[in-house]
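Visitor: This is what each chain is made of:
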Amino acid sequence: MSTGTDVLPEIGSIEPNRHGYRTFVLGSFSFSRDDYFAHVTWPKGRHLLPVDAFLRALQRDIAWGFFYGTVNFDTVIGTVNHYGSVDLFAGRFNEHYRKAGRDHVERFKTPMIQRVFEAILDDWTNATFDPFASPEETGTAFGPKNGSNKEAITRHRVTAKRMVNAPGDEPLRTDENGFPVNRHFRDVPQDRPQVIAEPGFEDDVVAFNLFAYLSRSDVTWNPSVVSVCKASLYCPTTEEYILPIIHGNDRVEWFVQLSDEIHWDVEDRETGAMRARVTMKPGDVAAMPADIRHRGFAPKRSMLLVWENASPELPQLYASGKMPPAPVKF
Amino acid sequence: MAQHTTRFGSLQHYEKGGVEVINDDARNYVFSNMFEVASKSKPYEKVAVGKNIEYVIEAIRAEGTSGWRAPAQDEFALVMDGEVEIRLLKLDNPGLVPAGTRGSVGLAGTPAGRKMGVVRARRGHMTLLPVGAAYQFHAARPGVVLLQTLGGPDTIERWAQICQTTPQPTA
Numbered sequence: 001m002s003t004g005t006d007v008l009p010e011i012g013s014i015e016p017n018r019h020g021y022r023t024f025v026l027g028s029f030s031f032s033r034d035d036y037f038a039h040v041t042w043p044k045g046r047h048l049l050p051v052d053a054f055l056r057a058l059q060r061d062i063a064w065g066f067f068y069g070t071v072n073f074d075t076v077i078g079t080v081n082h083y084g085s086v087d088l089f090a091g092r093f094n095e096h097y098r099k100a101g102r103d104h105v106e107r108f109k110t111p112m113i114q115r116v117f118e119a120i121l122d123d124w125t126n127a128t129f130d131p132f133a134s135p136e137e138t139g140t141a142f143g144p145k146n147g148s149n150k151e152a153i154t155r156h157r158v159t160a161k162r163m164v165n166a167p168g169d170e171p172l173r174t175d176e177n178g179f180p181v182n183r184h185f186r187d188v189p190q191d192r193p194q195v196i197a198e199p200g201f202e203d204d205v206v207a208f209n210l211f212a213y214l215s216r217s218d219v220t221w222n223p224s225v226v227s228v229c230k231a232s233l234y235c236p237t238t239e240e241y242i243l244p245i246i247h248g249n250d251r252v253e254w255f256v257q258l259s260d261e262i263h264w265d266v267e268d269r270e271t272g273a274m275r276a277r278v279t280m281k282p283g284d285v286a287a288m289p290a291d292i293r294h295r296g297f298a299p300k301r302s303m304l305l306v307w308e309n310a311s312p313e314l315p316q317l318y319a320s321g322k323m324p325p326a327p328v329k330f
Numbered sequence: 331m332a333q334h335t336t337r338f339g340s341l342q343h344y345e346k347g348g349v350e351v352i353n354d355d356a357r358n359y360v361f362s363n364m365f366e367v368a369s370k371s372k373p374y375e376k377v378a379v380g381k382n383i384e385y386v387i388e389a390i391r392a393e394g395t396s397g398w399r400a401p402a403q404d405e406f407a408l409v410m411d412g413e414v415e416i417r418l419l420k421l422d423n424p425g426l427v428p429a430g431t432r433g434s435v436g437l438a439g440t441p442a443g444r445k446m447g448v449v450r451a452r453r454g455h456m457t458l459l460p461v462g463a464a465y466q467f468h469a470a471r472p473g474v475v476l477l478q479t480l481g482g483p484d485t486i487e488r489w490a491q492i493c494q495t496t497p498q499p500t501a
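Those sequence lines, one after another, are chains A and B.
For the first sequence, counting from 1, position 21 maps to 21 in the working numbering; every step adds exactly one.
For the second sequence, counting from 1, position 111 maps to 441 in the working numbering; every step adds exactly one.
Since the hints were derived computationally from the structure, they do not count as laboratory data.
Check before you lean on any hint, since a few could be wrong.
Label pairs and their calculated CB-CB ranges [unchecked claim]:
{"no.": "1", "chain 1": "B", "residue 1": "Glu487", "chain 2": "A", "residue 2": "Glu176", "range": "43 to 51 Å"}
{"no.": "2", "chain 1": "A", "residue 1": "Arg183", "chain 2": "B", "residue 2": "Ala429", "range": "47 to 55 Å"}
{"no.": "3", "chain 1": "A", "residue 1": "Leu172", "chain 2": "B", "residue 2": "Glu415", "range": "19 to 27 Å"}
{"no.": "4", "chain 1": "A", "residue 1": "Tyr36", "chain 2": "B", "residue 2": "Thr431", "range": "56 to 64 Å"}
{"no.": "5", "chain 1": "A", "residue 1": "Ala310", "chain 2": "B", "residue 2": "Thr431", "range": "20 to 28 Å"}
{"no.": "6", "chain 1": "A", "residue 1": "Pro312", "chain 2": "B", "residue 2": "Asp355", "range": "24 to 32 Å"}
{"no.": "7", "chain 1": "B", "residue 1": "Lys370", "chain 2": "A", "residue 2": "Thr110", "range": "42 to 50 Å"}
{"no.": "8", "chain 1": "A", "residue 1": "Leu172", "chain 2": "B", "residue 2": "Ala332", "range": "23 to 31 Å"}
A virtual CB, placed ideally from N, CA and C, is assigned to each residue, including glycine.
One chain only, chain A, in its complex shape (with noise of 0.2 Å):
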């Protein structure tokens, strides 16, 4: 593997090319988009991606500060998040491309890739496209250069210290703050827990409806720390058609379905064989082992809980085998 370069680069080519888009490169990578594609090109092959599909997963992959662990955006291309460094790699997580000696991996500081990639969002997404909405929820990424979405790739991204609703924290979603109830959660319930504090606990006794507010969440498969037990967070998120990524576990996960239906594809982290199909329905709660990846499909918009241990050192406890990569033995 390169070690890559620290030096900040030239954040893409000054002039765009002949369907106005501007072309990057990051170390010895380079991203150029035409009407319908991107294409990924490194020392020893190239790539292309739907220009929709890799719009989706790289806004994912920025607004989730590259995640825990892997983010594929395909068979191919994707990162992995080393907390202060990510590689960017081609091929490395793809049987075929090992064997046949055409993967590429290189090492970045944060930073320096987060730059590129927001850069390449920003000219890459046009006005008619929003990334983290369902396709039928906004237009189309394709054809030439047609201005910029700036407020769809910058959204807040919801991160509470203790618990939504709590004081000082995040707030709830409403009407008023631009936030109204999507089409898919019309018949969810809006009431409010009713609250009683007494004199002097009214900072203490804090209650919000986790679903009313998922009801009105604007993007999709974007998980949201909504409560904070120490280490273990509460990430939920509301998912419609395809997870634009395919997630590789540096630690395990669980997914608690709250409401609907998801179906998860499961394969081997390092080489993308099938393991297991898992369907989940409204109560059902799974983990996701340590050493596989995994993409969702949800029919319907659905509520899943994500549920993380945000500990440090766990990437290296299951990396060196001290952790075994399955949460409960029985």
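Following the hints, position chain B against chain A.
Guide: Here is chain B on its own, set in the frame of chain A:
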């Protein structure tokens, strides 16, 4: 425009999904359903349905009035079915929770302290159970609470009884 119906689960009506193994062991996914677990639990048993090293999420059947408990850190109670009254009390003696405690401890009787207030929570409502306080649940009819906490002395782990162990879901 199509009318969409959101499906939630309940003690009375839940339908499980499951793991279809291709090349794995179903037990690696620790797959269960919290409503099924709660339907077979005694009132206020703290049954772990998820475990991430020291952290757990517990499915609790809320029915009648629970004993008082005091958490060693903030906990969060999400009502998944029914209506649950959550009573909070500021402990006069925080030492009732020994240093080093994980999760929460059960308290004998009603502890001394000032009433903080009450939350009446229904499906989807999340309530903060703050450190330094004691809490008690009350449910006139059976309900389900999902508790975010750490595994403690009263956490029950019975994975083999609640989780899928076969390569395909059982009907």
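Visitor: Out of the numbered hints, which ones does the structure contradict?
Guide: none
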